[in-house]
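Following the hints, complete the assembly by docking chain B onto the known chain A.
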Amino acid sequence: MGSAGMASAAPAIELKGISKAFGPVQANKDISISVPRGTIHGIIGENGAGKSTLMSILYGFYKADAGEIFIGGKKTDIPDSQAAIAAGIGMVFQHFKLVENFTVLENIILGAEDGGLLAPSLSKARKELIALEKEYGLQVDPDAVIEDLGVGKQQRVEILKALYRRADILILDEPTGVLTPAEADQLFRILGRLRDEGKTTILITHKLREIMEITDNVSVMRRGEMVGHVKTSETGPEQLAELMVGRKVLLRVDKAPAKPGAPVLEVENLRVVDEAGVERVKGIDLTVRAGEILGIAGVAGNGQSELLEVLGGMRDGTGSVQLNGQALDLSGRYSDGQSRRARGIAHVPEDRQREGLIMDYHAWENVAFGYHHDPKYQRNALFMDNAALRADTEAKMKTFDVRPPDPWLKAKNFSGGNQQKIVVAREIERNPDLLLVGQPTRGVDIGAIEFIHQQIVALRDQGKAILLVSVELEEIFGLADRIAVMFDGRIMGERMPDQTNEKELGLLMAGVSGEAA
Amino acid sequence: MEKMPHWADVILIPLISLILAAILSALVILAIGEDPVAAVKLMVQGALGSTYGWGYTLYYATNFMFTGLAVAVAFHARMFNIGGEGQAMLGGLGVALVCLLIPWPHWSLALIAAILASMAFGALWAAIPAYLQAKRGSHIVITTIMFNFIAAAVLNYVLVNLLRPEGSMDPATARFPETVHLPTLHEMLAPIGINFSRAAPANISLLVAVAACVIVWLLIWRTRLGYEIRAYGHSETGALYAGISPVKITMIAMLISGALAGLMAINNVMGEAERLVMNATEGAGFIGIAVALMGRSHPFGVFLAAILFGFLYQGGAELALWTSIPRELIVVIQALVILFTGALDNMVRMPLEKLFLRMNRGKS
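Chains as they are written, first to last, in this note's numbering: chain A, 1 to 517; chain B, 1 to 364.
Pulled out of the complex, with its shape left as it was, chain A reads as follows (with noise of 0.2 Å):
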């Protein structure tokens, strides 16, 4: 506790007792944390640990039910985020808030504004954005289009907008999702100098690795409570992940060297063209074998969903797509979800909520989702057998530790981790040639990651090829035999990952090319 005459040593924040419940869940639960100023503080948890909820406290979005406030040592009362702006608190969403086809400057003072003109803003705006890039190593240019900008260089603005509405104090939620590495650690450096200039950074994030890299601190919630805070020069990864969790986590996937076999999928030129006409894929090669998990890189949205989508039957492409030597309909009759399945593609697909699952339908009714023809489910030739099902579903469950076991719980009343298990029971259990796999850990606990990867590689030592997609480095580099890196539509270059590293991989993801790096 600081004395009032040491006003300047008192926390940039501190948060008491902080409560917050949201009808029966106890999102938080007795929360303190004290963040030094000066510091970056890391607020480390696993999906719905209640870190999210605890910032939106802090900004204004919700009311706590208890506890109180204090910035730079004075209590302060947070109503709404106006308020958490006047106290210097300025937050960066994992989904940026910027107005696209506005310039980087107009974005800046938007809802800033002096007056009713807006030329005598923006001059001024000018003059101190200039003024804070120098100041902080933030370039970027004023009079850009947001939408002619990359994610790294909007991420800039959005600090630039909190910086200029005179933050000490900024809140990045999961800041890194979308980044290449290469963007993640000049964010990084950004975040360096700000604190060297005397703000204070919370970072929100699920990745252990950025804790250790940038945290002077680090705080970890599990369940809605704060389990403890550490320094970052005295802990590691595994204390972190134990700590999260709760008990002790493999982190490192346990693996036997791969035994390729005979290439199973084949794919030549492939193209596809989406709904509003543009290229997503623009030919590309690869080969999958028996045996092997061929690990896509990239930061996402460079069509690695496409890919995905149209392997999995989902959309038309053109080109060669060849599974044990017989060639697959692209763009015809056969070319859907039901045609791959009976030719032997299982998906687990990239967005669960919305492709794997029906969030409404109830566990058992989502076993059967995408096998619902399957003769093994029907009574007879009107009638499915429900209780075939639920049978099915219970063993599933057992097998694959999805809780809580029940068959009649609604797939949105699980976790997510839990999902993705009855998801991946479903796709695994079917003993697929092939197996698609798109972020099979997004939105997952770190409990659940570790299933779910052991039984991915499971399915590759019983001799199955696996293409997995993800845009998580650590989950390629753990899980894949061999890595291909996509950029823009294309395959970059392909790599062995005990041959390359991060800093290789992060400049193929940003599309520089082979030789070049």
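Certain hints may be false.
What the hints assert, rightly or not - Straight-line distance between alpha carbons at most 30 Å, and here's what the computed DSBU-like set of lysine-lysine pairs gives:
#: 1; chain 1: A; residue 1: 410; chain 2: B; residue 2: 248
#: 2; chain 1: B; residue 1: 135; chain 2: A; residue 2: 282
#: 3; chain 1: B; residue 1: 248; chain 2: A; residue 2: 376
#: 4; chain 1: B; residue 1: 354; chain 2: A; residue 2: 63
#: 5; chain 1: A; residue 1: 248; chain 2: A; residue 2: 376
#: 6; chain 1: B; residue 1: 41; chain 2: A; residue 2: 410
#: 7; chain 1: A; residue 1: 231; chain 2: A; residue 2: 412
#: 8; chain 1: A; residue 1: 503; chain 2: A; residue 2: 282
#: 9; chain 1: A; residue 1: 412; chain 2: B; residue 2: 248
#: 10; chain 1: B; residue 1: 354; chain 2: A; residue 2: 16
#: 11; chain 1: B; residue 1: 354; chain 2: A; residue 2: 412
Honestly, the hints are just simulated from the structure, not real lab data.
Just chain B now, with coordinates in the frame of chain A:
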């Protein structure tokens, strides 16, 4: 974690909505200087107080069951079929053609043929908007509304120029032959000693409607097609992932929907009027929307909601007959019920959900 128990969702919310609508209706009746208590008594007496009243209530309810089911099936595929009115008109044309052109030896054979014909005509009328939606993306709400007008125009032309008997001034077909007369409830119940009103139009179609409720229930919750229809209704991308063809489901769901709406004609055309007249549907296609909304698109809910609306129709007619409450006000009351049970669902739902959440928290 569900926000509130299932029974509250399916029973409590409609009930509260209904009570709110009733209170507001009572205020409206008060405002024009009539006695709401007397009005309610009169409605209940008129609709439920005699077998005559019941006969009309059930007759209307039969219509609403068919059109309500039609809307419900389309709802499950997340399509809003507003064309029940037109599809029912065309169903009537199918029934009229079957009854007039073929000399039937017995009503039962005629009924089977009429069922098939009305369904086929209704489905055909729904097929065009369905195709336009599935293949060309023309919004089904817009096209089905327009097809109601086209149906009315087609029927007008057919009745006036083709089916009107020589010398008649009335835009209607000739009377159907005596052999296709469907048994009324009076005729059906007399053998077992129940004396049901002879004048009431409720007929054997009621049983067909109840059977349709059961069949639709089986279809939606027990068959693979129902599984696919519901999956498509919940998530189109999900359906695509599972290899469920959006085109196929759009077509099939709309054909079933149109067939159910068309099927209404066995009640109003064959069972009651025994000839096809202009505007035979009397808005039942639109009431079906409210019935499906209130019945939560569940066949059992549709059944109950159809009877409620049958009561409102018959009770309203009695009210107009015996009091100075104008006919238009009956429409206002019906509209209030539709408004509260259908459109203002969330107004009741949200506070109720909060209440249940608070009760649950108190427990835990």
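Given the hint that residue 354 of chain B pairs with residue 63 of chain A, test it: the Cα-Cα distance must not exceed 30 Å.
holds (17 Å)
Would the pair residue 410 of chain A and residue 248 of chain B pass a check requiring their Cα atoms to be no farther apart than 30 Å?
holds (26 Å)
For the pair we were handed, residue 231 of chain A and residue 412 of chain A, check the Cα-Cα distance against 30 Å.
Not OK: residue 231 of chain A and residue 412 of chain A at ~37 Å, beyond 30 Å, violated.
Is residue 354 of chain B close enough to residue 412 of chain A, meaning Cα to Cα at most 30 Å?
Distance ~19 Å between residue 354 of chain B and residue 412 of chain A Cα, so the pair holds.
Are the Cα positions of residue 412 of chain A and residue 248 of chain B separated by 30 Å at most?
Holds, because 27 Å separates the two Cα atoms, which is no more than 30 Å.
Does residue 376 of chain A lie within 30 Å of residue 248 of chain B when you go C-alpha to C-alpha?
holds (24 Å)
Would you check the hint for residue 41 of chain B and residue 410 of chain A, treating anything up to 30 Å between C-alpha atoms as holding?
violated (44 Å)
Quick one, are residue 503 of chain A and residue 282 of chain A close enough, alpha carbons at most 30 Å?
The hint holds at about 25 Å.
Residue 248 of chain A and residue 376 of chain A were given as a pair; does the straight-line alpha-carbon distance stay at or below 30 Å?
violated (40 Å)
Agreement of residue 135 of chain B and residue 282 of chain A with the hint, judged by alpha carbon distance not exceeding 30 Å:
Given pair residue 135 of chain B, residue 282 of chain A holds - Cα atoms ~27 Å apart, limit 30 Å.
With a cut-off of 30 Å on the C-alpha distance, tell me whether residue 354 of chain B and residue 16 of chain A pass.
Satisfied, since the Cα-Cα distance of roughly 28 Å is no more than 30 Å.
Figure legend: structure checked against the earlier numbered hints; hints not met, in rising order: 5, 6 and 7.
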